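A.B. asks: Starting from the given sequences, assemble the full structure and let the hints guide the process.
Chains as they are written, first to last, in the numbering used here: chain A, 110 to 435; chain B, 110 to 435.
Derived by calculation from the structure, the hints in this document are not laboratory data. On a predicted model such as this, the values are computed, not experimentally measured, just so you know. Treat the hints with caution; some may be incorrect.
If chains are identical, the list can't say which one is meant, so a pair holds when it fits in one copy or spans any two.
Stated by the list, open to error - Each computed SDA-like pair below joins lysine to any residue, with the alpha-carbon atoms no more than 25 Å apart:
hint	residue 1	residue 2
1	K391	R286
2	K391	G268
3	K192	A400
4	K192	R402
5	K261	G413
6	K192	V152
7	K391	T267
8	K260	N184
9	K192	L405
10	K261	E186
11	K261	F240
There are 2 protein chains.
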Amino acid sequence: MSTPRLSIGIDLGGTSIKAGLISDIDGLIDERSVITEAESGHVRVLDQISDLVSGFLRTDDAIEGIGIGFPGAVNWERTVASKPVNIADWEHVHMPEAINSRLGTSLPVLVENDANAAALGSARFGAGRDFDSFIMITLGTGVGGAIIYQKKIFRGATGAAGEIGHMTIDFEGPLARSGVAGAIEAYLGQRFLSRHARYQLLNEKDSLVHGMAGPDLLDISPKILYEAALQGDAGSTEILAWAGNKLGIVLGSAINLLDIRKVVVGGGLSAAGDFILASARKSMVDFTTPALRDGLEIVQESSGNEAGMLGAGYLVFEQTGEVGSD
Amino acid sequence: MSTPRLSIGIDLGGTSIKAGLISDIDGLIDERSVITEAESGHVRVLDQISDLVSGFLRTDDAIEGIGIGFPGAVNWERTVASKPVNIADWEHVHMPEAINSRLGTSLPVLVENDANAAALGSARFGAGRDFDSFIMITLGTGVGGAIIYQKKIFRGATGAAGEIGHMTIDFEGPLARSGVAGAIEAYLGQRFLSRHARYQLLNEKDSLVHGMAGPDLLDISPKILYEAALQGDAGSTEILAWAGNKLGIVLGSAINLLDIRKVVVGGGLSAAGDFILASARKSMVDFTTPALRDGLEIVQESSGNEAGMLGAGYLVFEQTGEVGSD
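C.D. replies: Pasting the structure below:
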């Protein structure tokens with residue numbers, strides 16, 4: 110029986126910073142988190158990360174390194190983290206220097222895009238565990254994605270692969286935040302889907318959402334649609350199926366390109382389960398070329414909020430434990 | 110100075126079988142070809158391949174192996190070739206057995222999808238030589254594709270990756286042969302593009318194509334459009350730009366997913382050059398998320414008909430010469 114390897118995995122978000130003690134065998138062993146002082150800028154946030162890490166360092170000195178899932182761009186070497194979405198005053202930070210100088214250590218520190226880190230967590234400890242390769246799509250505020258190929262993150266040429274949310278399904282479709290017409294995020298992103306639902310249901314006065322989403326349905330959300338659908342609301346059920354149909358279209362498109370036929374769906378909207386996934390499974394087949402239809406599968410992510418920490422921690426094992434080719 | 114390595118590269122097509130003596134340094138050294146006896150079935154076609162190979166074997170016994178670009182599906186191990194598009198009576202053939210038993214040899218024989226082989230040829234000896242990673246798209250009768258990642262074929266989960274021709278750009282668009290709505294092949298495939306041009310130009314009586322494409326424009330083709338455009342024909346120029354616009358849309362979509370920002374365009378229609386590529390470059394940017402727009406580039410394939418043989422031959426060097434990870 111071999112001793113488990115240990116690392117620290119950080120999931121840095123605009124709302125909270127989660128830190129986990131990660132074992133290559135048992136996954137998440139211990140966990141701490143703090144509210145991100147996102148308005149205070151990079152110096153303060155780096156202090157927060159270091160404080161979380163030092164708590165674990167005191168209890169166990171067998172820790173091999175630190176992995177960080179970061180909500181922004183990362184360089185190819187996984188050292189420099191740039192321009193996070195929801196943290197103020199953060200241009201480019203060399204993470205190994207920033208963390209080790211604060212802690213007085215010389216540990217390996219690796220930073221990876223948060224969607225990629227979460228997908229790696231799924232590949233090792235979550236719903237992706239059963240698949241060698243899969244497409245991860247995260248339905249949250251926006252639509253994120255990542256590609257796991259042969260159990261590793263497929264990084265593309267610069268480390269930014271997996272932006273499935275920006276793939277178009279209709280070149281004359283609505284503009285997403287990125288400016289890409291018909292990008293899937295313009296259908297499934299939280300605000301887009303909510304607006305579509307409001308437009309569809311505003312005059313459907315029988316719909317249960319009228320008792321749930323405030324005056325003029327201004328508070329309508331994917332969560333409310335799901336709750337109404339659970340209670341049998343036809344209009345909400347139909348909109349979730351519409352969203353699932355769009356999801357399946359972009360997945361078919363991605364599958365044609367990648368020949369990766371397994372999909373893990375995460376993020377808040379994935380909680381709607383088969384209200385979305387049943388129609389997604391159908392359109393995914395329709396938009397995949399017949400030669401690639403065997404073995405198509407969509408599953409829901411199971412590791413939830415922990416996937417980011419788990420994957421970030423696993424980066425360390427991957428980097429230091431193998432004579433890798435990438 | 111090291112001795113060049115040698116292999117035989119076969120480009121098996123429904124019309125001709127091309128065989129080349131390939132050097133890892135100098136590329137194509139010698140070449141033979143025959144008309145494919147496609148109606149005679151697999152036994153005869155395998156005889157034809159073996160005859161071509163044996164010609165080279167007599168002249169040089171330093172040949173390391175045989176690579177075959179095949180117009181159909183190939184298994185993960187690159188041994189079994191299944192159901193080629195335009196060859197009769199061919200279900201599943203174990204190519205190493207079929208070739209070696211005919212020649213009385215025990216050479217390594219590797220078979221790869223023809224689009225993948227051509228892309229590898231481009232990566233090593235053609236327009237893709239300057240890129241570590243690129244997307245290859247081939248505009249011919251259909252629309253084919255392949256992904257080169259870090260100088261190797263990205264094969265996906267089963268070896269069938271790169272079917273960019275089946276990616277949709279409009280979920281309510283025209284049906285491609287595969288049945289996928291709005292697949293790019295339904296815009297750029299030879300018959301689709303010809304039909305679109307005929308429809309657009311039939312009543313544009315000033316267009317030069319009326320003197321070039323027979324009565325009722327029944328013989329119109331991408332080649333005629335290109336020739337008319339070269340002579341300044343406005344209608345033909347506009348249609349080629351329309352086609353390029355669609356090309357750029359699907360490329361943007363693929364780039365978002367792969368973060369591979371270099372594109373090599375081959376196939377007959379690529380001869381139209383900037384008549385197509387100028388508009389493709391523009392829409393490719395529009396359909397790529399802003400964070401991935403740096404370094405986008407489309408180039409035309411240069412090695413032409415030789416790319417298939419070159420890539421097929423190179424498979425042998427790749428497989429036998431490296432302690433590879435894939």
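A.B. asks: Now tell me, hint by hint, if it's right for this structure.
C.D. replies: Consistency of the hints with the structure:
In this assembly of identical chains, K391 and R286 lie within 25 Å of each other by CA distance solely across copies; the values are 19 Å between and 27 Å within a copy. Within a single copy, K391 and G268 get their C-alpha atoms only as close as 32 Å, which misses the 25 Å cut-off; across copies the closest is 24 Å, which meets it. For the identical chains of this complex, K192 and A400 are inter-copy neighbours only, at 11 Å across copies versus 41 Å inside a copy, given an alpha-carbon limit of 25 Å. Taking identical chains as interchangeable, the C-alpha atoms of K192 and R402 lie at most 25 Å apart only when they sit on different chains, with a minimum of 16 Å there against 39 Å within one chain.
Within a single copy, K261 and G413 get their C-alpha atoms as close as 19 Å, which meets the 25 Å cut-off; across copies the closest is 35 Å, which misses it. Taking CA atoms no more than 25 Å apart as the test, K192 paired with V152 passes inside one copy only; the shortest distance there is 14 Å, against 61 Å between copies. Proximity of K391 to T267 under the C-alpha cut-off of 25 Å is restricted to the inter-copy arrangement: shortest distance 22 Å between copies versus 34 Å within a copy. Taking the shortest alpha-carbon separations for K260 and N184, both the intra-copy value of 21 Å and the inter-copy value of 20 Å come in at or below 25 Å.
Only between protomers do K192 and L405 lie at most 25 Å apart by alpha-carbon distance; the minimum there is 21 Å, versus 36 Å within a single protomer. In this assembly of identical chains, K261 and E186 lie within 25 Å of each other by CA distance both inside one copy and across copies; the values are 15 Å within and 21 Å between. For the identical chains of this complex, K261 and F240 are neighbours both inside a copy (11 Å) and across copies (23 Å), given an alpha-carbon limit of 25 Å.
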